[in-house]
Structures are given as C-alpha cells and as structure tokens.
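Undergrad: Residue strings, one per chain:
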Amino acid sequence: MTGATPGRDGHEVEALVTDRYREALLAAHARGADRGPTPHDPDDALRRTADRLARDLPRFHPSFLFEEALAVRLGSVASRMRLPAAAGAEGLIVPLPMGDPLTELGEADTEDIPGGSGRRPLIIGGALTSAALSLAGAAYVAWRLNRPAAGPMVRAARAVARTRPV
Amino acid sequence: MARPAFRKVDRPEEGGPRLVHLDRDRRLVEEAQADPARFEALYRKYLAQVYSYAFYELHDHHEAEDATERTFLAALTNLGRFEERARPADGEGASTFRVWLFQIARNAVAQRRRTLRRRPEAPLEAAGSVVGSVDIERDAARKDEVAAAWSAVGRLPDDRRRALILRFVDEMSTAEIAGVLDRSEGAVRVLIHRALRSVARDLDDPSR
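Here the protein sequences come in this chain order: A and B. No gaps in the numbering here: position 104 of the first sequence is 117 in the numbering used here, and each next residue is one more. No gaps in the numbering here: position 203 of the second sequence is 205 in the numbering used here, and each next residue is one more.
Because the hints were derived from the structure by calculation, they are not lab data. Some hints here could point you the wrong way.
Here are the simulated distance ranges between beta carbons [what the hints assert, rightly or not]: (1) B:G188 / A:S76: 38 to 46 angstroms; (2) B:E187 / A:R61: 41 to 49 angstroms; (3) A:D57 / B:R83: 42 to 50 angstroms; (4) A:R93 / B:T117: 24 to 32 angstroms; (5) A:G88 / B:E32: 16 to 24 angstroms; (6) B:L118 / A:S76: 20 to 28 angstroms; (7) B:R157 / A:R61: 24 to 32 angstroms.
Don't be surprised by glycine CBs; every beta carbon is placed ideally from N, CA and C.
Full structure from sequences and hints, please.
TA: Right under this line is the structure:
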C-alpha cells in the first residue's frame with residue numbers, strides 16, 4: 014500500500030467553504046443579525062480544516078500484487094460471461110418445432126436454431142443434464158427420423174442411417 | 003439501454019457551443035457492456051478510489067482488499083443492469099457509473115463492517131506512509147498531524163465520515179455523494195459542513 018497525493022482542486026475546496034460562508038451570511042441576515050460572519054467565525058476554521066484534510070487524507074493504492082491478481086480474476090469472469098454457451102454448453106435449451114414441421118420449419122429454417130440443423134449432430138453439452146431434456150431430445154430425434162422426407166438427398170441419408178446398427 | 007444525455011458547452015475556441023456527453027465514463031461503460039473483457043479499463047480507473055474508500059471505512063488493508071474485490075466482481079457481473087441516469091444538473095464531469103460503483107462499494111463495506119467484531123480504529127501506523135521527507139524530526143511531527151486528522155475523522159458519525167471521505171479522498175461532487183449515500187444534495191452539504199465543524203473542533207481541542 015502506498016500513499017499518493019491526489020491532484021485535488023483547491024478551488025473546489027475553497028468553493029465549498031465559501032458556499033458555506035455565503036449561506037452563513039444569508040442565515041445571519043435572515044435572523045436579523047446586525048453583522049455577518051467575520052473572518053474569525055467558524056468559516057475561517059472550516060477553511061483551515063478543509064485545507065488540512067485535503068493534505069492529510071491521501072488516496073491509497075492497493076499493492077501491485079493485489080491489483081494484478083484481481084485483474085486476472087476479473088478477466089476470467091469476463092471470459093465466462095462472454096462465452097456462456099461455449100465448450101460444454103451446459104444448460105443449452107434446444108427449441109423444438111411446434112405445429113406443422115413441414116410448413117413452419119423447413120430444412121433451411123433449422124439452420125437458425127442452435128443445434129437444430131438436420132445436417133449437424135445435436136450436441137447438448139457432454140451429457141444430458143435432466144430427464145426433461147432427455148425426453149425432449151429423444152422426441153426431437155424421433156420426429157426427425159419419422160417425418161416425411163423433404164428431398165431425394167434427405168431420403169438417401171435416412172436410408173443409410175437406417176442400415177446402421179443401433 | 004442508456005438514454006442519451008447531452009449538455010451544451012460553450013467552447014469559443016472550438017467555434018461555439020457543442021454537445022458533450024454528461025457521463026464521462028459512457029464510452030468505457032458501453033464498451034464493457036458489449037465486451038466484458040473491456041471492463042478492465044474501468045477497473046484500473048477506479049481501483050484506487052474504491053480501495054481508498056474501503057480502507058478509510060474499514061481501517062484494515064486486507065479487509066479493504068476484500069471489499070474492493072467484492073465490489074468489482076459485483077460490478078462486472080451486474081454491468082448489464084447498469085443504466086446511466088445523468089442529469090444536466092450533475093455537471094459535465096459527473097459519472098453515474100462511479101456513483102453506481104460506489105453504491106456497490108458501500109454495500110460491500112457495510113457487509114464487512116457487520117462481520118467485524120468491533121468498530122475499526124484509525125490505522126495510525128499507516129499515517130507513516132503519508133509522510134515522505136527524510137527529516138526524521140519533521141516526519142515525526144507530520145505523522146502526529148496526520149494521525150490527529152485521521153483520528154478526528156474516524157470519530158465522526160458514519161454518515162458524516164463517509165461524506166467527508168467521498169469529498170476529500172475521492173473528490174466527488176455533492177451530486178455524486180448524494181447519489182452514493184442516497185441523500186439529497188442539501189443533506190450532503192449539511193453533512194460535510196457539520197463534519198468539517200466537528201473535525202475543526204476536535205483538532206483544536208488540546209486534550210485530544
């Protein structure tokens with residue numbers, strides 16, 4: 014920890030104290046006093062105190078080690094925030110097609126859905142994380158395999174898939 | 003999303019008035035919101051201020067570090083929720099991000115204080131680090147002066163002490179302090195005024 018003299022604006026301190034002096038003056042007039050605050054009134058002491066605090070209350074800086082260690086930790090947290098659905102993609106929600114899959118979700122449309130393309134493998138993390146997700150995944154795969162074929166290439170691909178041992 | 007906040011500033015040397023952003027941290031905040039890795043710029047900028055605030059409140063190096071760490075981690079993970087609320091009355095140099103950050107720091111410090119067994123005492127040994135000359139006799143006198151000032155500030159009621167630290171150490175405007183302490187600007191002026199009065203009396207008291 015090291016002490017550092019901050020670049021304080023002396024005018025700001027003076028403005029603050031002067032502001033108080035002005036308010037004291039107005040208050041004195043308001044209560045009908047026959048004179049305002051004199052240089053020996055508390056404002057002078059306040060001015061000296063403000064100067065002293067500006068001098069004696071420095072801004073501190075933590076150790077370099079602490080600063081860098083926290084910077085690394087923040088960077089690590091920032092990385093996780095930036096890539097929430099990256100490696101592993103735990104908790105990824107896979108939207109299932111609703112309604113008529115032929116009219117509302119054609120082959121091309123599935124490209125926009127994470128993990129929803131018919132031509133790419135559906136990966137949900139390293140493992141299915143819940144029974145609900147397992148059922149959803151199973152239902153989606155069943156629907157993909159049993160829906161009417163969209164074209165000759167798709168029919169051919171499915172025919173190959175059916176020949177594989179399960 | 004942050005709402006636009008502009009202020010017309012007279013710059014005769016630049017060909018007349020122009021519009022400037024009110025929150026001086028707006029660019030840094032927006033960059034960090036878009037890419038959390040850019041939060042580092044805000045971290046470096048405000049580290050010493052947050053740490054100082056925590057140190058003056060907790061009077062312990064390790065406690066201050068802990069509160070500082072909690073503050074910046076909370077700020078980073080909640081940055082998406084931050085909304086700029088600068089007002090024209092806040093002035094050109096106002097930073098609503100700094101106010102938001104210090105509100106987090108205030109909570110972090112309050113949590114640490116609750117866990118401490120007793121009220122922290124003024125860290126008088128740290129006063130030595132403020133004195134930098136090689137004149138030992140003069141250093142001793144200066145150290146006494148600094149220690150007396152710190153003790154006087156440390157004896158203030160919590161709200162007055164906080165207002166004074168935010169004003170003199172963190173150099174915040176009255177509007178910013180009002181935002182951090184959740185008080186009106188008038189109340190903050192009174193707090194600082196009374197705090198200065200108390201410290202002045204304390205320092206003039208020969209029995210101290």
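Undergrad: Now tell me, hint by hint, if it's right for this structure.
TA: Each hint tested on the structure:
Taking the beta carbon of each, G188 of chain B and S76 of chain A are about 39 angstroms apart, inside 38 to 46 angstroms as hinted. Checked against the hint of 41 to 49 angstroms, the C-beta distance between E187 of chain B and R61 of chain A comes to roughly 25 angstroms, which is inconsistent with it. Against the hinted window of 42 to 50 angstroms, the Cβ-Cβ separation of D57 of chain A and R83 of chain B comes to about 46 angstroms, which satisfies the hint. At about 27 angstroms, the CB distance of R93 of chain A to T117 of chain B agrees with the hint of 24 to 32 angstroms.
For the pair G88 of chain A and E32 of chain B, the supplied restraint of 16 to 24 angstroms holds, since their beta-carbon distance comes to about 19 angstroms. Between L118 of chain B and S76 of chain A the beta carbon distance is about 21 angstroms. The supplied range of 20 to 28 angstroms therefore holds. In this structure the hint that R157 of chain B and R61 of chain A lie 24 to 32 angstroms apart at CB is violated, the actual value being about 18 angstroms.
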